[in-house]
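Asks: Top to bottom, those sequences are chains A and H. Going by our numbering, the first residue of the first sequence is number 175, and it counts up by one from there. Going by our numbering, the first residue of the second sequence is number 175, and it counts up by one from there.
These are calculated hints, taken from the structure and not from any lab test. If you're wondering where the values come from, they're calculated on a predicted model, not measured in any experiment.
Restraint-style ranges between C-beta atoms, simulated for each label pair:
hint, chain 1, residue 1, chain 2, residue 2, range
1, H, G314, A, G250, 15 to 23 angstroms
2, H, S338, A, A440, 42 to 50 angstroms
3, H, G314, A, Q450, 52 to 60 angstroms
4, A, L289, H, S228, 32 to 40 angstroms
Covered stretches of chain A (in silico footprint by chain H; criterion: 3 or more residues with CB under 8 angstroms from a CB of chain H, positions within the stretch not fixed):
hint, segment
5, 217-223
6, 269-283
7, 287-294
8, 315-328
9, 334-347
Using N, Cα and C, we set each Cβ at its ideal position, and we do this for glycine too.
Read off the chains here:
There are 2 protein chains.
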Amino acid sequence: MGVVVPLEDRTGEAGLAPLLALAAPGMERVNAFILSRTGSDVAMIPEVANHLISSGGKRLRPMLTLATAALTGYSGDADVRLAAAVEFMHTATLLHDDVVDGSEMRRGKLAARMLWGNEASVLVGDFLLGQAFKMMVEVGSLEALRILAEAAAVIAEGEVMQLSAAKNTTTTEDDYLAVVRAKTAELFAAACEVGPVIAGRPKAEQAAARSYGMNLGVAFQLVDDALDYGGREAKLGKKVGDDFREGKITLPVVLAYRRGTPDERAFWKRTLEDGQVEDGDLEEAIRLMGKHGAIEDTLARARHYGAIARDALGLFQDKPDVKALLDVVGFVTARAH
Amino acid sequence: MGVVVPLEDRTGEAGLAPLLALAAPGMERVNAFILSRTGSDVAMIPEVANHLISSGGKRLRPMLTLATAALTGYSGDADVRLAAAVEFMHTATLLHDDVVDGSEMRRGKLAARMLWGNEASVLVGDFLLGQAFKMMVEVGSLEALRILAEAAAVIAEGEVMQLSAAKNTTTTEDDYLAVVRAKTAELFAAACEVGPVIAGRPKAEQAAARSYGMNLGVAFQLVDDALDYGGREAKLGKKVGDDFREGKITLPVVLAYRRGTPDERAFWKRTLEDGQVEDGDLEEAIRLMGKHGAIEDTLARARHYGAIARDALGLFQDKPDVKALLDVVGFVTARAH
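Input sequences plus hints: build the corresponding full structure.
Replies: Dropping the structure here:
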C-alpha cells in the first residue's frame with residue numbers, strides 16, 4: 175500500500191551539514207542583505223515578502239552560489255549579492271506559482287495569497303524580481319546578468335509549459351523532464367554557474383558547475399514529486415497529495431499511467447484530467463503507484479541525475495570544498511529513501 | 175451632466191505625427207525584434223504575448239526611447255533593443271495589471287486573462303520580463319540596465335501602493351500622485367533616460383530626458399483617468415467607467431470627494447469603498463464630477479505636468495528633433511480637451 179518515505183533519515187540531515195558550514199559566513203551576510211532589500215515605504219511589500227522569506231526555507235540555491243564561488247577561488251563580495259538575487263528570484267517564483275496553482279499552504283504556513291490575496295502575491299513577486307535585477311546590476315558582471323536573465327525567462331517558459339501540459343495524462347517522461355529542467359533545475363544551474371563566472375574561471379569550469387546544478391535540480395524536483403505521494407505532512411510543509419488535488423502530472427503519475435491497465439488509465443483521466451476527485455481517490459492513486467513501483471522508480475531516476483551531478487564535479491576533485499557539494503546530492507536524494 | 179471629452183480632436187492626432195515620423199525607421203526594427211523575441215516552443219507564449227502586443231497599442235514608450243536616443247545623437251543599434259525591452263516591460267505590466275484588477279477588456283479586445291486565464295497571464299508576463307532583461311544584457315550598458323531594473327522594482331512598488339490605497343476614498347492628491355509616478359510615469363522616465371545614456375551624454379542631459387518622461391507620464395495617466403469618466407468607448411479600448419466599477423481611486427474621484435457634501439462622500443464610500451454599485455451610479459458619479467469640475471481640473475493638472483515636461487527639454491532647444499518630443503505633450507493632453 176504505497177511506499178513509505180521516511181523523511182527522518184539522518185543521512186539526509188548530515189548530508190547538508192558540510193554545505194551549511196561552508197556557506198555559513200556568507201549566508202549571514204546574504205540574509206542581512208535580503209532583509210535590507212525587502213524594505214519599502216509600502217508596508218505590504220515587506221509583510222508579504224518576509225512572510226515567505228522568513229518561513230524557514232533551506233536557502234539551498236543561494237548556498238550553492240556561495241559554495242561554487244568558494245570552490246573556484248572567488249574572494250570578493252559579489253557572491254553575496256548574486257546569492258541574494260537568486261533567492262529573490264526563487265521567492266518571486268514561489269509567490270507566482272502559488273497563485274497559478276491555487277495553493278493554500280507553503281512551507282507549513284498559509285500561502286501569502288491566502289493572507290494578502292492573489293493580487294499582492296503577483297505584484298510583490300514582480301517587486302522582488304525587480305530587486306533581484308537591481309542587485310545583479312550592482313555586481314556589474316554582464317555574464318552573470320546574462321545567465322540569470324536567461325534563467326528568469328526559461329523558468330517562466332517552464333511554468334507555462336507545465337500549465338499547457340497540466341491536464342494531459344499522456345505526457346511523456348521526456349516532456350515532463352523538459353518542464354522540470356526549465357521550471358526548477360534552470361535556477362539551480364544558474365545559481366551554480368555564476369560562482370565560477372565571477373571567479374573569472376574558464377568556460378569548462380562554468381559548464382561543470384552548471385551541469386552539477388542542472389542535474390541536482392532535476393533530482394531535487396523528482397524527489398519532491400515522490401514526496402508529494404509519500405511524504406509526511408509536517409516535514410513536507412504542504413499537504414500530502416497537493417499535486418494530485420491540483421491535477422499536476424508529475425513523474426510518479428507518468429509512470430503509473432504508462433504502466434497501468436485501461437481501467438487504471440480511466441482513473442487517472444477522471445481524477446487528473448477531469449478533476450473529479452472523490453474521497454479515497456488519493457489513497458487509490460498511492461496504491462496504484464505502489465503496484466507499479468512508480469514512486470521507487472521516480473526515486474531511482476532522481477539518483478541517476480544525482481550521479482550525473484556528482485560526476486560533473488570531477489574537474490574539481492582536488493579541491494577540499496568539493497565534498498560539501500557532493501554531499502548535497504546525498505542530502506537531496508536521501509530525503510526520500 | 176458630465177464633461178464631454180471629444181477624442182476625435184485632430185490636434186491630438188497631428189501631435190503624434192512628428193514622433194511617428196522620427197521613430198518610423200527604428201520602430202520597424204523594434205517591431206521585428208519584438209516578434210522574434212515572443213517566439214517559444216511553448217505555443218501558449220507567443221499566442222498570449224502577441225494577442226496583446228499586436229493589439230494596436232501606440233508603442234509610445236519605445237518610440238520615446240528611439241526619439242531621445244536620436245535627440246542626443248546616438249547612432250548605434252542599442253536603442254532598438256532597449257526600446258523593445260521597454261515595450262516588453264510595459265506588456266508584462268499590462269498582463270499582470272489585468273489579473274490584479276480583474277479587467278475584462280484591454281485595447282478594445284478581450285483581456286488575455288479572459289481567453290487564456292489568469293495563470294497564463296501571470297506566467298507570460300514573467301516570461302516577457304525575463305526576455306526584456308535578456309535584451310538589456312545584450313546591449314551591455316550597465317547604466318541602462320540599472321535604470322530599467324530600478325524601474326521594474328518601482329513600477330511593482332507603485333502597483334502594490336495602489337492596491338493598498340484602492341479602497342480608500344480619503345487618499346490625498348499627493349498620495350495618488352506618488353502612485354502615478356511609480357506605476358506609470360517611472361517607465362516613461364526610464365524609457366526617455368536610457369536614450370542619452372547609451373549616447374554617452376552628460377548627466378544633465380540624462381536628467382533632462384528623465385524629467386521630460388516622468389512629467390509626460392504623469393500627464394498621460396491623469397488624462398487616462400479623466401477619459402475613464404468621459405471618453406468614448408470605441409476610442410478608449412475599454413468601457414467607460416471601468417475605474418469606477420473596479421473601485422479605483424483616481425484623481426477625478428479624489429477631487430470630487432474632497433469637494434463633495436457629506437451625502438456625496440457617503441455615495442463615494444458606498445460605491446468605491448464598499449463596492450455597492452447600483453444601476454445609475456456611474457451616471458451619478460459623472461454628474462458629481464461635473465458639478466465640482468473634477469474632470470476639467472484633472473485635465474488642468476495634466477496640462478501642468480505637460481508644461482513641466484516641455485520645459486525639461488529646454489536643454490535641447492537647438493536640436494531639430496526636439497519638436498517631435500514637444501508635440502507628444504500636445505498629443506497626450508489634447509486627447510482630452
